[in-house]
Amino acid sequence: MPIRVNDTEVPAPEDARVSLLDLLREHLHLTGTKKGCDQGACGACTVLLDGNRVLSCLTLAAQAEGREVRTIEGIAGAAGELHVLQRGFVEHDGLQCGYCTPGQICSAIAMAEELRRGDPSYVTPDIAAGPAAVTREEIRERMSGNLCRCGAHNGIVEAIEAMLAETAA
Amino acid sequence: MTPLCYVRAGDRADALARVVNGARCLGGGTNLVDLLRQNVEQASELVDVSRLDGDVRESDGGELFIDAAVTNAALAAHPLVRRRYPVLARALLAGASAQIRNMATVGGNILQRTRCMYFYDVDGARCNKRQPGAGCDAREGFDRYHAILGASDQCVATHPSDMCVALAMLDAVVHLSGPGGDRSVPLTDLHVLPGATPQVETVLQPGELITGVELPPPSDAMVRSDYRKVRDRSSYAFAVVSVAGGLGLAEGRVREARIALGGVAAKPWRARRAEAALIGLAPTPEALLAAIREELADARPLSGNGFKIGLVERTVVAVLTTLAGARA
Amino acid sequence: MTKLQNAIIGGVRAVLGQVPASWLPGGTPDPLIDKRVALGGQQSRIDGPDKVRGAARFAAEVAMEDLLYAAFVHSTIARGRIADLDVSDAEAAPGVALVMTYRNAPRIGVPPPIGLTNLKAAGNHTLPILQDPEIHWNGQVVAVVLAETREQADHAASLVRVRYDAAPARTRFEEGKTSASMPESILVERNRLDKGNAGQKFAQAAVTIDGVYTTPWESHAPIEPHAATIAWRDGKLIVHDATQMIHATAGSFAKVFGLKAEDVHVSSPYVGGGFGAKALWDHQILGVAAAKLAGRPVRVALSRASMHRLIGGRTRTEQRVALAADADGKLTALLHHGYGVKPRHSVCDEGFSLTGRSLYACESFDIVQHNVELDLLANSFMRGPGETPGTFAIECAMDELAHALGMDPIELRRRNAATCDPVSGAPHSQSAMMEAYDLGAARIGWHRRAPRPCTRRDGEWWIGIGCATGTFPFTRMPGTSARITLDANGDAHVASAAQEMGMGTATVQRQHAADRLGLPLERVTVAIGDSRLPFASFAGGSSQTASLAAAISAASGKLAIQLMRLAGNDTPLAGLKPNEIEFAEGGLRSVEDPARHESFASILRRAGRGELSAIGESGAPLEVLKYSMHSTSAIFCELRVSEVTGEIRVDRLVGAFDCGRILNAKTAASQFKGGMIMGLGMALTEETLLDERTGRIMSTSLADYHVPVHLDVPDIDVLWTDIPDPRTPLGARGIGEIGTTGVAAAVANAVFNATGKRVRDLPLTLDKLF
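Protein chains in written order, with full-length UniProt numbering: chain A, 1 to 169; chain B, 1 to 328; chain C, 1 to 770.
Keep in mind that the hints were calculated from the coordinates and are not lab data. Owing to the predicted nature of the structure, the values given are computational and were not obtained by experimental measurement. All C-beta atoms in this analysis are idealised placements derived from N, C-alpha and C, irrespective of residue type, glycine included. Among the hints, erroneous ones may be present.
Computed footprint of chain B on chain A; a stretch qualifies when at least three of its residues, placed anywhere within it, have a C-beta under 8 Å from a C-beta of chain B [to be verified]:
no. : region
1   : 9-20
2   : 32-44
3   : 62-72
4   : 112-119
5   : 159-166
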């Protein structure tokens, strides 16, 4: 079974040890997905697998067979126009070195869908009811799997708020 | 990582057959792939069981059956879990990150291995769990995250799972399949203390596979429950200690108490002594403190984790005091 | 790397004291201090769109034919020698092209160390690299494996068998203290400062405090791991590196491998976070050597574990600070003694004891620091070296003194604010620390702070507010140069081998060049990040913006002269002298009569020139020898401490900065916040765990080394005085590092205000509270 990466089918690698992350970066030269730790501790390698955010470093490429992978290269529009969240990151300076940025963006896009579904988080006051309001605390808890060392956290949260406001409007 | 082959299990029987022949089960891979890459573990064949059935079903008797392949994220978001077993939803949501919860399976979570830094340092540290008889560098080393209960001279590691602490509190039963057929084991009996064989972490037999977890029908103390995780940063960190607590009250007195502790032992620690001590008492801070102290009477702190005793005491009191004050 | 400039001339300082200010750089204030169009704005970073698309290319992402992947084998002892080395299994493993050990490595010179006189040197230690069986630290590389894939390389590395003859190693801080050395100088300041008879002042003081403050080993932990993609082509070396010192790295490669400077090409357009770590360490040298031996290109991409074995971090420090004051809170004595680790092969001074020399007026000083010489990986410079741990000690001590005096902590600083350099008496170029305090105090709502600890609470949470001063010196590096090229359209193209690792280097210098040349932003481009561009010094010591600004300014001056020459007599500008013209409206014009103007395009067209360029250079930074040039900040923190768990939750941070003029409000705010967040990590969670029994770092993953996560980071307000420094290019001082200073003290002081607990040992983990 092939893997669909940004709407293109690619074969799984022969060596079963190859991670989805290395498949993207070393085999397909889709280097927008970043390797930060290669051990599930930073979130830089976040991609969308069938729409859910996952860590591509701890996913063997073979595990993605028959599934749809969307990477940062597949986030902008068909004509190359930036996604609303990408625009927000630039506008609110939600980045400095830019290395954690693709992971933050993929993660936040999936997070918006989780919020829309009403999935709770550890800081949701009423776990049964789900998040009543999208507070900054909710966003921060849900984005805590994406480390940033330059310290762009405030700008990232502002960019996400802007996206949520724009898509809600 | 040593060269290996990967196969996806077609069904449970296929998975079982491969496991019997020595394949390792791969769930979400969030722990195993890392362990393989760090050469902490070796495998020649991985059988991917993450696409086997992944349902959560309620029985007529009110039990909840959770397939092993259900992801941590799906289980935490499940309406029945959130309503009837909030401690479990909270524990799941306290674990790792959203990305990892989307990958990690219930079966894999149960079988995840310790995060002891000496266990992970294959080249540079001695570890009895990795290499029986080699020695333990965690003792007298960085043992802040290590056990205060149930440890041995051989090993002082802790089990890192949050989910399992809640499952222990909830009297969850783990369903296993193996060459000898199916059986079930209470979660509290699944993990074993290190003793002289720290390499043995569970009662799983060779060739056995976790197929699911069963929760009993919710009792008062399961519904009125909470999980509090104490950690070194506010999110995305393993527990220093954690507390799963639940209370069932009648006329202001404890009818049912459920307490389990994380970050204190090689297994999720069900605090049965403390629970028993509370029955029939008003859940005052003093009574709660006395009860948890009874549980911790056997605690043996290491050089760098003596603070955990007071921390567990205060956290247990706080969690149960809040539950006692909460509306049922 | 701070204060490097002082090395240029030691005793010249005294002479310069007599030289008129107007003779020195900055003697005439930069006109762009006030004349701003693009500068001071809110421009978004120009590389933002590429970065959000994942299109910005980092060092490990350069595609090459025939590439081999490198993996490293590290020593597991701290000192001794290799007794047996068996690489046969590794060599026989699938895909392996080369196993390089000391036995077959090419002769490699020791890289010239980062230092005071050689701007083309980048070495972080002075040990031979894979040349002999000697082991000097736990984690040193003993073998390099090259294979066709990274999976094969990693696997083969695990098959290398090494047996060591271990020798006794010095790995324990406490034991090392007993034989610590006392260096003559720290960076370029004299180490020992004994001025004004401090002993007597302590004896006579109305109030004294005396405490020992400790900070742990810390790691830079950039999200991009160190990486390099390396190729030899026709005897020339190409290295796509992740480095904050492009030319110094290229110069070091030339020296180590015996190459001509022009035969080394280092490219580093984007760096995924540096903070001091992205310099020259063994991995690049070994990668280059292995590529040479294998005859194929090589990709080095360090694992997190290899990073901790090969890239030095900030040393732990133990600092004793004692303060004496009269009854009014006036400081009479400041004692600052301490220890940091500096292995003999290290080139990095952690100059924490320099902090207290510039901050407060004081009658006497007793200052000295000692180096603990251990058998460890060389320590290195990390964001705000010296001042970051130094302010933790000094500023906690100031808070303790305020408490002992029963005085408001801000008032204590007000009474001791320095009006000139407290040690040398040199005038400040500009300093407005108390203005920063006033701004910050108003923003945080300082009046809400309870003077007595343990006063405010909300349920299980104790609430507190604290403040602290941050500080970092101004630095401008000599030698940094820039080329400005005007094209036929009269558009300007700036080029310099400067570095971008998130500071917004090109973004800000584009604003600068536009204003300098009188052009709109869209008619200016800036190229950086490549050793083929004009020489630039490192991105370090918060010096890059000032150095580059001085170079661009100098280039613009040369450009004006060349333009006048080309313009000849057939121009409205005819007859004007250089000091009678200025850049404006895409050309030159008369200062007196703005109607006399000719555009760049017109001048070039008339002269038949397709383009015109000029190179300018940042000259010797003599200004720092005449003036006391330090930025300061006032950091405020409001937080909660759980009396149940001891967990700290920071609810608010405010930083008010006095750093001269701000050049881009958006990117500057980000840099300040970024520094403060690193300070927050230092305060709350960060600690590299070095097992002193073995000298081995155990916290080798980002799961073990806790940098702040989103939920740890509150809303942060940053403010600035925006008062220009008349002695600096653009009126600005560097802002990259000061944000990190003072934060840990502000947090610790807030914790004291909340709980009454004084924790002098970082990080402030929950076990230290209750």
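So, going through the hints one by one against the coordinates:
With a threshold of 8 Å between beta carbons, the proposed coverage of the region 9-20 of chain A by chain B holds, since 4 of its residues qualify and at least three are required. For the region 32-44 of chain A, the proposed coverage by chain B is satisfied: 4 residues have a C-beta within less than 8 Å of a C-beta in that chain, meeting the threshold of three. Proximity of the region 62-72 of chain A to chain B, defined as three or more residues with a beta carbon under 8 Å from a beta carbon of that chain, is established by the 3 residues found. Coverage of the region 112-119 of chain A by chain B holds in this model, with 3 residues showing a Cβ closer than 8 Å to a Cβ of that chain against a need of three.
Counting residues of the region 159-166 of chain A whose beta carbon lies closer than 8 Å to any beta carbon of chain B gives 0, which falls below the threshold of three, so the coverage claim is violated.
In summary, the structure is inconsistent with hint 5 from the numbered list given earlier, while agreeing with all the others.
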